[in-house]
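S.K.: Here is what each chain is made of, one letter per residue.
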Amino acid sequence: NAGVTQTPKFQVLKTGQSMTLQCAQDMNHNSMYWYRQDPGMGLRLIYYSASEGTTDKGEVPNGYNVSRLNKREFSLRLESAAPSQTSVYFCASEAGQGSFEQYFGPGTRLTVT
Amino acid sequence: AQSVTQPDIHITVSEGASLELRCNYSYGATPYLFWYVQSPGQGLQLLLKYFSGDTLVQGIKGFEAEFKRSQSSFNLRKPSVHWSDAAEYFCAVGANSGYALNFGKGTSLLVTP
Chain X
1 NAGVTQTPKF QVLKTGQSMT LQCAQDMNHN SMYWYRQDPG MGLRLIYYSA
51 SEGTTDKGEV PNGYNVSRLN KREFSLRLES AAPSQTSVYF CASEAGQGSF
101 EQYFGPGTRL TVT
Chain B
1001 AQSVTQPDIH ITVSEGASLE LRCNYSYGAT PYLFWYVQSP GQGLQLLLKY
1051 FSGDTLVQGI KGFEAEFKRS QSSFNLRKPS VHWSDAAEYF CAVGANSGYA
1101 LNFGKGTSLL VTP
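Chains as they are written, first to last, in the numbering used here: chain X, 1 to 113; chain B, 1001 to 1113.
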């Protein structure tokens, strides 16, 4: 039982390049989330998926797209990376249906030069 | 809209001393409240949560928190801090299961010998 896994752990991109951050959970959770963490800003929600087949924007969705591929996987795509997207990205999942507890992955540290 | 304020950006305590980290929230109804801890380079781990009932909740690692509706607060406490408690602590509020949490900006705890 690995919990929430994220790949890659580290990534360096040049401005304008694209990439996809992968997230998978093996807890059969319904809800999944993408957050970004920046110094002094806490965690801010980018996108979330309350259940398989649905996605919704969070606080800072600009420049990102997501795909809820199936119940296990929720990917985050940067189509044209910008230096402002340099951050640590966390994926989380929650069982939903009244559980409330979110489980976090180890994070992806992304640098855009 | 929900909001969470952690008034202290940094706190330094001596090992063995008591600890209290402050959290204030703004939310119309009874919120769902959480404290998470993040060790350097790691993801977030849930310390404790409050949904309803007893306003003093116990968590892992010897932490506890008290919900005070009149003060809109959910402060985290520990009677005796260990060096391994040095980390970043986040308070979060949730409106409903299956939806994202709203995080405070975090309090960085330094423990001195």
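Heads up, a few of these hints could be off.
[Claimed, not checked] Residues of chain B placed beyond 10 Å of chain X at every Cβ, according to the derived structure:
#1 Ile1011
#2 Val1013
#3 Gln1042
#4 Gln1045
#5 Gly1053
#6 Thr1055
#7 Leu1056
#8 Gln1058
#9 Ile1060
#10 Arg1069
#11 Ser1070
#12 Arg1077
#13 Pro1079
#14 Ser1084
#15 Ala1086
[Said to hold, decoys possible] Within a straight-line C-alpha distance of at most 27 Å, the following computed DSSO-like cross-link-like pairs (lysine-lysine) qualify:
#16 Lys1068(B) with Lys1105(B)
#17 Lys1049(B) with Lys1068(B)
#18 Lys1105(B) with Lys1049(B)
#19 Lys1061(B) with Lys57(X)
#20 Lys1049(B) with Lys57(X)
#21 Lys1061(B) with Lys1049(B)
#22 Lys1068(B) with Lys9(X)
#23 Lys1049(B) with Lys71(X)
#24 Lys57(X) with Lys14(X)
#25 Lys9(X) with Lys71(X)
#26 Lys1105(B) with Lys1061(B)
#27 Lys9(X) with Lys57(X)
[Stated by the list, open to error] Derived DEER-like restraints, expressed as beta-carbon distance ranges:
#28 Leu69(X) with Ser1014(B): 44 to 54 Å
#29 Thr1012(B) with Lys71(X): 42 to 52 Å
#30 Lys57(X) with Glu1066(B): 33 to 43 Å
The set of hints was computed from the structure by calculation and includes no laboratory data.
We put the CB at the ideal spot given by N, CA and C, even for glycine.
S.K.: Each hint needs a verdict: does it hold in this structure or not?
M.R.: Hint-by-hint comparison with the structure:
no.: 1; hint: Ile1011; in the structure: holds (15 Å)
no.: 2; hint: Val1013; in the structure: holds (21 Å)
no.: 3; hint: Gln1042; in the structure: violated (7 Å)
no.: 4; hint: Gln1045; in the structure: violated (7 Å)
no.: 5; hint: Gly1053; in the structure: holds (14 Å)
no.: 6; hint: Thr1055; in the structure: holds (17 Å)
no.: 7; hint: Leu1056; in the structure: holds (18 Å)
no.: 8; hint: Gln1058; in the structure: holds (15 Å)
no.: 9; hint: Ile1060; in the structure: holds (12 Å)
no.: 10; hint: Arg1069; in the structure: holds (18 Å)
no.: 11; hint: Ser1070; in the structure: holds (23 Å)
no.: 12; hint: Arg1077; in the structure: holds (21 Å)
no.: 13; hint: Pro1079; in the structure: holds (25 Å)
no.: 14; hint: Ser1084; in the structure: holds (19 Å)
no.: 15; hint: Ala1086; in the structure: holds (17 Å)
no.: 16; hint: Lys1068(B) with Lys1105(B); in the structure: holds (20 Å)
no.: 17; hint: Lys1049(B) with Lys1068(B); in the structure: holds (14 Å)
no.: 18; hint: Lys1105(B) with Lys1049(B); in the structure: holds (18 Å)
no.: 19; hint: Lys1061(B) with Lys57(X); in the structure: violated (34 Å)
no.: 20; hint: Lys1049(B) with Lys57(X); in the structure: holds (25 Å)
no.: 21; hint: Lys1061(B) with Lys1049(B); in the structure: holds (14 Å)
no.: 22; hint: Lys1068(B) with Lys9(X); in the structure: violated (39 Å)
no.: 23; hint: Lys1049(B) with Lys71(X); in the structure: holds (25 Å)
no.: 24; hint: Lys57(X) with Lys14(X); in the structure: holds (25 Å)
no.: 25; hint: Lys9(X) with Lys71(X); in the structure: holds (22 Å)
no.: 26; hint: Lys1105(B) with Lys1061(B); in the structure: holds (22 Å)
no.: 27; hint: Lys9(X) with Lys57(X); in the structure: holds (24 Å)
no.: 28; hint: Leu69(X) with Ser1014(B): 44 to 54 Å; in the structure: holds (49 Å)
no.: 29; hint: Thr1012(B) with Lys71(X): 42 to 52 Å; in the structure: holds (44 Å)
no.: 30; hint: Lys57(X) with Glu1066(B): 33 to 43 Å; in the structure: holds (34 Å)
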